[in-house]
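Residue numbers (this note's numbering), protein chains in the order written: chain A, 3 to 277; chain B, 29 to 438.
Take the hints with a grain of salt, since some may be wrong.
Stated by the list, open to error - Covered stretches of chain B, going by a simulated chain A footprint (3 or more residues, C-beta under 8 Å):
1. 66-72
2. 149-162
3. 174-188
4. 369-375
5. 409-422
I should point out that these hints are in silico values taken from the structure, not numbers from a laboratory.
All residues carry an ideal CB built from backbone N, CA and C; glycine is no exception.
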Amino acid sequence: MAIPAHATTGERIWYYVFRFLVALVFIYLVFPILTIIPLSFNAGEFLHYPLQGFSLRWYEDVFASGQWAVAVKNSLIVGVSSMILATVLGTTAAVGLNRTNFPGKGLLVALLISPMMIPLVISALALYLFFAKIGLNDTYLGIILAHTILGLPFVLITVSATLQGFDYSLVNAGVSLGAAPLPVFFKIVMPLIMPGIVSGAMFAFATSLDEVVVVLFIAGPAHRTLPLQMFSGIREHLSPTILAVATMLIFFAGLLMLTLEFLRKRNERLNAAAR
Amino acid sequence: MAQHTTADTSLREKLRRAERRRKIQAGTLIGPLLLLMLIFYFIPIGMMLYRSIDNSRMREILPNTARALAHWSGESIPGEEAFAAIVRDMKKAYPARTLATAGRRLNFDQVGFYSLLLKSGRKIKKIDGPPYRDKLIKIDKKWGDPAYWTVLKRGLRNITWMYLLRALDLRYDTQNRVVGVPEEEAIYVSIILRTIYISLSVTILCLVIGYPLAYFMATSSASVRNLLMIGLLLVFWTSLLVRTLSWILVLQDKGVVNSFLLWTGLISHPLPLVFNRFGVYVAMTHVLLPFMVLPLYSVMAGIPSYYVRAARSLGATPIAAFFKVYTPMTLPGIGAGCLMVFIQALGYYITPALVGGPKDQMVSYFVAFFVNERVNWSMASALGVVLLVMTGSFYLIFGKRVNITNMKLG
């Protein structure tokens, strides 16, 4: 979007004004997140600038204090378990959905991805009332099942997207050469749709790692996850330790984003090569 | 000929069998997920919907009264057998502490019922025989008021619309007619309208801010675009809590914005920027902006630049070319982005709870409030139903026109 040589003065002014406005929007988008990072290394206890020296004390605090360590552990247990469950169930279902057509398929898909669209507080309340009946409130299993359901739509969507470019003659070739259905799946289908599976899994993990509302309803004090610990921390006593956790989560988000971008680019390249 | 037909049928048979095998295969692949979702999602949602009208608990607490009042006409106070029934029920329910539960439910319909039931429950042991009516009215003369019996009869039905009505600021009067609640108790309609208003404002803000950004991304060079995309995706992937927290820090009295404004001398006291509506708009727009920009960008990236150039060369002013040629082509992106942002905003809880004040809370907040602080699951469910109907109807009205499931993730 360079300025053409024949641009009028008005156009030139607009060109710079527009760039300035976009820069403002971009600052609005990125700046608040970046302000957290230096503050988390603050030696003092204040949550504002100017910094009072560099220190890693708040990071030590995260790992030294029992509450935060438990929260990290809980989040990992719940996040990894629900990620595995959601990925396995979501991938198999996506393959199944991709292979057949039947009346009402659109409706079924809409139902399966509905947890993504239904307000979280409704899912939270429904699960809380249901778990109260069957005794799953305040258990790991309850939180894992809840997060599996919230993560499933993402796996379904990402795996279905990679399956769209999938060439089924490869499966037929495998079968005609005498391979059983399971080896065909693991040796032919899975490696090809791997980018979709991995991004779905990452979405599912990230969803679990960022989910407060459902956990707020169904988790007991022993099962506090990291987001819940942060939420009550922000509400009750905002300490610099939370900023240290937040900074780590920002870096985790960066890592996640780079991996997904890499996968997406790879997938695009493969699709382009296939065509 | 005959041979051909046999070959034909056997081929058809084989094809059908293969097709059936494929269906069974697909069924086994989808089955586990479907079962999990059914048991742990759709049944719970259904139970929550039913919970908003379910009143069976009341009949368990006061079974005899329910039976005795079944044929009461409701014109004057009921006969002696109804009084005998409620005395019998209270004698059981008071020591079991379930009378308080019943009292809370009835109090929701008619203020004063809780204290009436508990007061009567405390003294119920003294009533050792008939006449029950006179003795009960002696404990509290409210028992002689038909209005209380109407509320009681209504409260003992298996299904109650009381909570759903209340979620819309409506109630039954003493003649069982649906009327509006007194003005000082009417809060839910204004909360619903507030929820829609905040969501709509955030959607418009996202569109106004996101459109230029998406346009710039779609029209600039690859390196600039990549930089912007990385920033946008970093924000998208950063935890919601972290983003909300960052706004508390930036907008607080000693935060960067206020410090800067004080330094420039534009203000002499810090502005109240957070824990109010302004904070909610700023933070929610920030959190939801990627959901506007990503669909907008993916539509804009597919629009060739020669349309606008053609319009310009045919004499259109830049503004006319932009609004008459370019903008209409981006409508699918605008639709998808607005719907995505609006529907998500309707259900927002965490961000307003952290950066808003008491007057900025939306429907979700009150669902959580009734569960965690009032332990009134029926009212929480009724508000949940309202929220679900709101989200669902907006989705049904606009979702048909915009294909939301096609949105690219990440």
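Outcome of the hint check:
1. Coverage of the stretch 66-72 of chain B by chain A holds. Counting CB-CB distances below 8 Å, 5 residues qualify, and the rule asks for three or more.
2. With 0 residues having a beta carbon nearer than 8 Å to a beta carbon of chain A, the stretch 149-162 of chain B misses the requirement of three or more and the stated coverage is violated.
3. As drawn, the stretch 174-188 of chain B meets chain A at 0 residues by the rule of a beta-carbon pair under 8 Å; below three, the given contact is violated.
4. Counting residues of the stretch 369-375 of chain B whose CB lies closer than 8 Å to any CB of chain A gives 3, which reaches the minimum of 3, so the coverage claim holds.
5. For the stretch 409-422 of chain B, the proposed coverage by chain A is satisfied: 5 residues have a C-beta within less than 8 Å of a C-beta in that chain, meeting the threshold of three.
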